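Chemist: Single-letter residue listing:
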Amino acid sequence: MAERVNEQELLLQLADDELVVGWRDSEWTGIAPFLEEDVALSSIAQNEIGHARAAYELLADDADALAFDRTPGDYVCAPLVELRLVPDWARTIARRVLYEAADELRLEQLMASADDAVAGLAAKIEREEAYHRMHAHMWAERLASEPRYQEAVEELFPYALGVLEPGLRPALADRIGLAEVEAVERGVHVDEWPALWQEMTEVRRSVPGAAW
Amino acid sequence: MGTRRRARRGRVIFEVFRQERAGQAFQHAGSFVAPGPEFAEAYAREFYGRRGESEALWVVPRDEIAEIGEFVDELHRNYHRVDGYSLREKLGRARERAGTATSAG
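Just so you know, the sequences run in chain order S and P.
Each residue of the first sequence is one higher than the last, beginning at 1 in the working numbering.
Each residue of the second sequence is one higher than the last, beginning at 213 in the working numbering.
Please keep in mind that the hints were generated in silico from the structure rather than gathered at the bench.
Computed from a prediction, not measured in an experiment: that's the story for all the values here.
Yeah, the Cβ is synthetic: ideal placement off N, Cα and C, and Gly gets one too.
Just to be clear, a hint being listed does not mean it is correct.
[Stated by the list, open to error] Computed list of chain S residues with no C-beta within reach of chain P, every gap over 12 Å:
1. Gly-30
2. Ile-31
3. Glu-37
4. Asp-69
5. Ala-90
6. Met-138
7. Glu-141
8. Arg-142
9. Ser-145
10. Asp-174
11. Leu-178
12. Pro-194
13. Glu-199
14. Val-207
[As the list claims (entries may be wrong)] Facing chain P, from chain S, some residues (calculated, C-beta under 8 Å):
15. Thr-29
16. Phe-34
17. Glu-36
18. Val-39
19. Ala-45
20. Ile-49
21. Tyr-131
22. His-135
[What the hints assert, rightly or not] So these bits of chain S aren't anywhere near chain P, every CB distance computed over 10 Å:
23. Asn-6
24. Ala-40
25. Thr-71
26. Leu-85
27. Leu-107
28. Ser-113
29. Ala-119
30. Pro-147
31. Glu-151
32. Gly-167
33. Ala-179
34. Arg-186
35. Thr-201
Hey, can you work out the whole structure from these sequences and the hints?
Modeler: Rendered as structure tokens:
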């Protein structure tokens, strides 16, 4: 079981999760099932990276340095967001649904923070996430009777539990309608992670201190 | 209807009308394809609302819009049209007769 972590660590987890899930979803840009979805998903991906930046800015003076100058092992993102799911749309939507459900629970917790800056940022992020959930839900309803989608939800559910601290996991199981199982915890990265890290940090590594 | 573009099966073309500021008239903003009304709302928000560029949106399935595009005027009765008379010229002549013509015409 993961141990309880402090708020700074929670915020860094959120930032890394949002950065990486945004990066992964942006891999659909140009190849989503149809044009409108392409634009909508790309826009959601962009939002997530924006949330990551706002969180990094709370944690460090130089958000880019925190986001891109760490070694692969220093990132604290959950394995759920690291998985490369292109070109599997069913699993992509399953991850969106699971991630947004977990993120909602985490944001509720951060919105109750005694630190006004943290609570305020969580509330801001939550207002945008409401539309991400709307997007995820409409797809979930659309795919509800597709076996491939159901299998994807069950396959990724242990990963989704790993996004949250143990205390919040029963609530996630309840929302998704599955029994709690052993979570795929943070701290161990998936096989696809180093390649993604290479890509994400390529500019900063070739031009140290590059900003954009 | 014949010449209208049709969406592929299971998809619907939606037309979007956008109000830029409260109280202004809605103007046609564009169109998109969506699998249904819930998708249409999400896409409309993404494409026409997320940058704060709209006060409100009307999102309408294209097939629900009654389009009228043929207007019969076989005898070219231009007196039915407001541009049949040049009010500006007539006013100018009337002002000349009354001796109140202005430089602005």
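Chemist: None of the hints should be skipped; say for each whether it holds.
Modeler: How the hints compare with the structure:
1. With a minimum CB-CB distance of about 16 Å to chain P, Gly-30(S) clears the 12 Å threshold, and the non-interface call stands.
2. Interface exclusion of Ile-31(S) from chain P stands, the closest Cβ pair being 17 Å apart, more than 12 Å.
3. Look at Glu-37(S): its CB is around 8 Å from the nearest CB on chain P, not clear of 12 Å, so calling it non-interface is violated.
4. Once the 12 Å rule is applied to beta carbons, Asp-69(S) is consistent with being away from chain P; the minimum gap is 30 Å.
5. With a least beta-carbon separation of about 15 Å from chain P, Ala-90(S) lies farther than 12 Å from that chain, consistent with its non-interface assignment.
6. Not every CB of chain P is more than 12 Å from the CB of Met-138(S) (nearest about 4 Å), against its label as outside the interface.
7. Its closest Cβ contact with chain P, about 7 Å, brings Glu-141(S) to no more than 12 Å, contrary to its assignment away from the interface.
8. Chain P draws Arg-142(S) into its interface by the beta-carbon criterion, the shortest separation being 7 Å against a cut-off of 12 Å.
9. With a cut of 12 Å on Cβ distances, Ser-145(S) stays outside the contact zone with chain P, its closest approach being about 14 Å.
10. With a closest Cβ-Cβ approach of about 24 Å to chain P, Asp-174(S) is found to remain outside the 12 Å limit, as its non-interface label requires.
11. The beta carbon of Leu-178(S) is kept farther than 12 Å from every beta carbon of chain P, the shortest such distance being approximately 24 Å.
12. A cut-off of 12 Å between C-beta atoms confirms that Pro-194(S) is not in contact with chain P; the least separation is 33 Å.
13. Non-interface call for Glu-199(S) relative to chain P: holds, since the shortest CB-CB distance, roughly 26 Å, exceeds 12 Å.
14. For Val-207(S), the condition that its CB be more than 12 Å from all CB atoms of chain P holds, with the nearest at approximately 30 Å.
15. With a cut of 8 Å, the hint placing Thr-29(S) at the interface with chain P is violated, because the nearest CB-to-CB distance is about 14 Å.
16. Interface hint at Phe-34(S): satisfied, since its Cβ lies 7 Å from the closest Cβ of chain P, which is below the 8 Å cut-off.
17. Below 8 Å, beta-carbon pairs count as interface contacts, and Glu-36(S) has one with chain P at about 5 Å; its hint therefore holds.
18. The criterion of a C-beta within 8 Å of any C-beta in chain P is met by Val-39(S), whose closest approach is roughly 7 Å, and the hint holds.
19. Annotation: interface hint on Ala-45(S) violated; nearest CB of chain P at approximately 12 Å, more than 8 Å.
20. For Ile-49(S), the shortest C-beta to C-beta distance to chain P is roughly 15 Å, which exceeds 8 Å, and the interface hint is violated.
21. Here the hint on Tyr-131(S) is kept, as its CB sits about 6 Å from the closest CB of chain P, short of 8 Å.
22. A cut of 8 Å between beta carbons decides the hint on His-135(S): the least distance to chain P is about 5 Å, and the hint holds.
23. For Asn-6(S), the non-interface assignment is confirmed: its Cβ lies about 34 Å from the closest Cβ of chain P, beyond the 10 Å cut-off.
24. The Cβ of Ala-40(S) does not lie farther than 10 Å from every Cβ of chain P; its closest approach is about 5 Å, which violates its non-interface assignment.
25. Distance check on Thr-71(S): its Cβ is at least 35 Å (rounded) from any Cβ of chain P, clearing the 10 Å threshold; non-interface status holds.
26. Residue-level check passed: Leu-85(S) sits 20 Å from the nearest beta carbon of chain P, beyond 10 Å.
27. Separation of Leu-107(S) from chain P is adequate, the least Cβ-Cβ distance of about 19 Å exceeding the 10 Å criterion.
28. With a minimum CB-CB distance of about 27 Å to chain P, Ser-113(S) clears the 10 Å threshold, and the non-interface call stands.
29. Taking the minimum C-beta to C-beta distance to chain P, about 24 Å, the non-interface status of Ala-119(S) holds against the 10 Å cut.
30. A cut-off of 10 Å between C-beta atoms confirms that Pro-147(S) is not in contact with chain P; the least separation is 19 Å.
31. With a least beta-carbon separation of about 22 Å from chain P, Glu-151(S) lies farther than 10 Å from that chain, consistent with its non-interface assignment.
32. Distance check on Gly-167(S): its Cβ is at least 32 Å (rounded) from any Cβ of chain P, clearing the 10 Å threshold; non-interface status holds.
33. The Cβ of Ala-179(S) sits about 29 Å from the closest Cβ of chain P, beyond the 10 Å cut-off, so the non-interface label holds.
34. Against chain P, the non-interface label of Arg-186(S) holds: every CB pair exceeds 10 Å, the least being about 30 Å.
35. The claim that Thr-201(S) is not at the interface with chain P holds, since no C-beta of that chain comes within 10 Å of its own (minimum 29 Å).
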